[in-house]
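Each protein sequence line maps, in turn, to chains A and B. Under full-length UniProt numbering, think of the first position of the first sequence as 1, with each following residue one higher. Under full-length UniProt numbering, think of the first position of the second sequence as 1, with each following residue one higher.
Do not rely on the hints blindly, as some may be mistaken.
Said to hold, decoys possible - In silico lysine-lysine, PhoX-like type, Cα no more than 25 Å apart, as pairs:
(1) B:K263 to A:K275
(2) A:K190 to B:K440
(3) B:K462 to A:K182
As the list claims (entries may be wrong) - Cβ-Cβ distance ranges computed for the label pairs, FRET-style:
(4) B:H885 to A:Q71: 24 to 34 Å
(5) B:K889 to A:S396: 52 to 62 Å
(6) A:H390 to B:C860: 33 to 43 Å
(7) A:Q71 to B:V551: 41 to 51 Å
(8) B:I431 to A:Q424: 51 to 61 Å
(9) B:H923 to A:Q71: 27 to 37 Å
(10) A:T295 to B:E199: 41 to 51 Å
(11) A:R347 to B:S306: 18 to 28 Å
(12) B:D361 to A:E193: 55 to 65 Å
Since the hints were made in silico from the structure, they are not lab data. Each residue gets a CB set at the ideal place from its N, CA and C atoms; glycine is no exception.
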Amino acid sequence: MRVSAAAPVPAPAPSGRLEPVVTDCPSCQQCDRVRSKDRRVKIPRPLGQGPSAFIPVKEILQKDLEDAERQIFIEAFVSTGRVDNVTMVMGMHSQYLESFWKTQYYLLQMDGPLPYHYRHYIAVMAAARHQCSYLVSLHINEFLQVGGNPDWLNGLNFVPQKMRTLNEINKILAHRPWLITKEHIENLLKTGESSWSLAELIHAVVLLTHYHSLASFVLGCGIRPELDQDGGYTFGPPSPQSCDSDSASNSGSEEAVNGNASRDGLQELEVLIEKMKLLQEGRQDEEASQEEMATRFEREKRESLLVAPADDNESLSPTNLSCFVEDADFGYKDFSRRGEQTPPTFRAQDYSWEDHGYSLINRLYPEVGQLLDEKFQVVYNLTYNTMAMHCDVDTSMLRRAIWNYIHCVFGIRYDDYDYGEVNQLLERSLKIYIKTVACYPEKTTKRMYVGFWRHFRHSEKVHINLLLLEARMQAALLYALRAITRYMT
Amino acid sequence: MGSLGEVDHSEDYVEEQGSYLQLMKGRGEDHGESGSALAAPSGQEDTVDTPRHFRAQPFPSLPKRAERLVAQAHVTRVYITWGGTLVGVVAGEGRRRRFPVAGGGRKGGGDGFRVHGGGRQAFHKIDLPLHNWQRCLKLLVFSMEKMARVTTVLSGSTITGRTMFCHLDAPANAISVCRDAAQVVVAGRNIFKIYSIEEEQFVERANLRVGRKLSLNFSCADVVWHQMDDNLLATAATNGAVVTWNLGKPSRNKQDQLFTEHKRTVNKVCFHPNEVNMLLSGSQDGYMKCFDLRKRESVSTFSGQSESVRDVQFSIKDYFAFAASFENGNVQLWDIRRPDRYERMFTAHNGPVFCCDWHPDDRGWLATGGRDKMVKVWDLSTTRTKEVYCVQTIASVARVKWRPEMKYHLATCSMMVDHNIYVWDIRRPYIPFGMFEEHKDVTTGIIWRHIHDPYYLLSGSKDSTLYQHMFKDASRPVDRANPEGLCYGLFGDLAFAGKDSMFTSDSNRKTYGGERRYPIFFFKKPDLSEQFANVSSSLNVFEMEGGSNSVDWFVNMAQQYILTGRSLAELCDHNAKIAKELYRYQVAQTWTMLRIVYSSPGAISSVNLNQSIGKSGGLPLMNSLKELSVALNNEPRLERGKAENWQEMNHIHSSNPLITANEENEETEGSDVPADYLFGDVEGDEDDLYMVDHENAPAEEHEYILPQEAFQLRHEIIDNPSAPDHLQDKVESPHVSGNEAETVCLTPIESFSLMSISQPLYDAYLPADYFNSLVKDMLHYYAEQGDVQMAVSVLIVLGDRIRKEIDEQTQEHWYTSYIDLLQRFKLWNVSNEVIKLSTCSSINCFNQASTSLHINCSNCKRPMSSKGWICDRCRQCASMCAVCHQVVKGLFVWCQGCSHGGHLQHIMNWLRTSSHCPAGCGHLCEYT
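Required output: the full structure, derived from the provided sequences and hints.
Shown next as structure tokens:
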């Protein structure tokens, strides 16, 4: 979907200014070895190559950055002292990155009701729900840097009661946001020693949802640990295999995929474009009846059950994060399982971000409402009018299908949407990927990432992840804000 | 210009209730407006250009607009001439009257034709637009019965009722009333019902939500009742369908037509005010569609070329125009005949514009309400769009509705959080004129019950209730508002605004703005309840006697005080001197005392002390000062003599030393004061303090006499008096700096013998914070007296010695008030110093906020976005001195106009000789 990436950059040694991680590339391992021999100093080296395990480096780093794009990176570097991997991957969509960055910066660094160490600790709590060690360790550092009490890092049992009470909605918002009720809000706000103020709570809720969904992005894009994080470096000499195998498997797997299924894939793509055209031109031929429309949503909901991810053999070892997590078994559960009492579907028209959510946030935490609104708009409207190798494609149908599908997974229904479109436009592997990343991102695997949309560019897959991030955040926010509204009335 | 038509109202016609006549007259003349396909083709072509034939047919409803023109007699007939003159026959008189009507007749350019009706008591001017000119001309003939009804409505006798409500089964999304104000329709996601409005209650008349399977077509986002046809309703469904309903249908399901052309939720539907079959819709997909109800699909589609349409409203006056408001903050005006392009677009709000409403009378006034919490009134009558009024509310504005018959009133309700309905007088945007507080959840729909009745408001809400509000029951926030205002000026002037009545007695006072006492409130109808309470208030300004001199001391002291950088003693001395020079003796004394309390005794003997004694002789405090020096002489001896008992005494009775002192010093005036009063009372009074001071100064003195020679004057280089080790300060104080005092002769004698006793003595029994509670009270005293300057200065000078005594919040409060004062006097440097020196973290961060400076590159004049001094466009250093062409390191001063500048000194020199920019750009530089 990206025009500037149309000619894949050959990317030999990437321009060294912005990517400290890559500058000490294996090409100079010789000197490295010499140096380490001489001084007996262990020199850490990056384990992986590039910011993402799923996406080859050359896709992410571009030499010919435009001024504005570079400006964002510089901005990010100047204000946080690093250009982290998330920023680099998001940099594939600089328009969005700018908005994302502004928001995150405001949430963490600017005036707000919560003290700084609270903010970072909340980030840790949120990311730990999805076992996203990348974000957890990043924010543990930050937490200590702003003067947080190191004891807190021993786990939830060592933090003030106030913080611990937040854990309940953290859990719910992370996995089953539809369960949040006004009683939860009441509990947090009721007067007492460890009560929250409304403004603080809004700040916390925004942070929680932000980091839940950012965890989705991190895991969905396979973001590698930073160089200075555990698992981000090794002292051992770079075994040529590991390096090579990484890149080899990268390109190899892709080629293999392309080779094996290139015809299939191409065909799929053509079909998809054809379908979009058809749908765009109108549905006169098959005007669905109202009941039909109503059931389609239900069907889509139910079908989303079926696309549960294949339980992967490699179960993560989340031991070091478990201290930040209580009730770890609480996970995403489809709300529309048959035979169970299902909470009523959330109607997007009755509580929308534009009308209600924004108005509420703007009242309690003014700047953030504006920033989030901008961010949602940017991501919803982001398009390059390309699909894989096709140009001038109106992708709005596809984007809307993805967005609504994510909301559907969380039980939000748009009256004015025909959920049959989802079925037509989103292939099964994509659905699996979306559902996994949105609901249990910790189970995402590279196979899934590679498995869908085989002919699309990586930047387009990142685009999907951005949609995922924002749609998921909006969904959780909507549930939380609705509960707060109900509490207030 | 013959009379166009004449309608004779025979009595039987009048009695025939509910029947109307419509006269059709064909005209062959082509008036140049080729018919847009909007209008009903009459089916008959008539090419004769004189009135020739009338055709009577039932006319379904009375036109919406009716405006009273004359109200004198019963009018039985009307005529209208081609010139637009209205002729009426007045009952009983049998003669004709002519009523020239402004704007009557046909105007070019899409204007409506005006036809006029008569009534029992009034003439009603009715706009009947004529579309499709060359085909047909519709003339309206009114029903006398209906007219009479409307007339009585206007006189307030038909619509009666009270504030009442009924429970709905589900939350409402929108409501609408039928033309005769007798019924209301409520629509929501799970409700679609019609209620009739009775005197005492709402009665459910019909439930339109019927059917075996309730599709989403019943889930209404908006509903509107046709103002010409009582049977016609339209709803906007959340799934994008536009549905019309015909109540006249015999079947249970009244659904009439279904348009599913919109792809997204339809936010709004709107009937044309005069045209039966024309319906307009605005949808989330960014399109507006115009439907002709006789056709199966839309007649025309208007693309806003932008985001979702939130509201569409037909203009009431202008037949072809409608306004649409958008989610991106724009409002567009369209001509219904030109679907290709909007006539006008302007940005009305920041964020979505949720609603708009045309003023019922004033053509061209459009009220809009947005998510930015504003209601704005736009004048669109001229080519330039002008914002004429703006009301700031407290929440996003969901609906806005002009109040009938009240030119400046409108009602609003909000989207979130705030559940009340407000009626505003747009000329008084700061306080609502009326307020209805009945709803428990957000109000989703408001509508005035009748288009000519301003007293009844209906509202539906998410709390599943439908209310009728009586305007007289509205609460009037203005009644609860405090009509007085009071403010101090910077130089001690006092401004007081209050109701006029408060000032009538003494007229000699100068009131500001007395001329325009009733500036804007003039209503045609002198109905008291319909006006804002006539709050004409006057403003009085009381000036300080002696002009502005009275606060000079504040500025001077602020500038001259030294708060840091020297020893405590010196700071105190300096500040005392400053205060004295400004005739602030009490403050000066306080400083002196502080010095004594917290500093070593040597300081007391300094020149300053003596000076103060000499100069301030008129003050009562002087006595104690004298006493002080005497005490200095006496106490050591006393203590030395009682060294053994001293410990216990101090331990048990805090007042003991004083007593002993008094015993010894009979000649001092201080002995007049009852001894126990001195320590027991914590008033913070000067005298008390003083008594305390000279009581203790000696005690400290013993202790510090010893080290004097060794560490002379050292602490002058210690530049942080607020450093925690103030004890050291004392130890090192320049004891013998002022030799003239009596202490000098005392020291050589005493010092030797004292050293053995005094050291343990002091440490054990007079801890450094011994006086803290007194000083604390003193600070509070000053702060309460309004001299926050003193409080803060002492706080800073004493630093850690006192800080812990006073709670953070009070300190912060003092600091902020002082800083605020300083900034009002534009003492930026002083205020910044105070901020810097303060120990409250919340104060400290004041000067860390908004510290970024936006600069332009002096070469390319573009904003410099990157950090540092290299412009990333022209790759040059932007901070070159325009005079010496060197890079400026250090103070850089530049003109904000042309971005050129340089070394401060260079620029200053340059500007002495020339006022143009040294860079040669020709700019007349301005430095402030």
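Subject >> Index of numbered hints that the structure contradicts, given in increasing order >> reply: none
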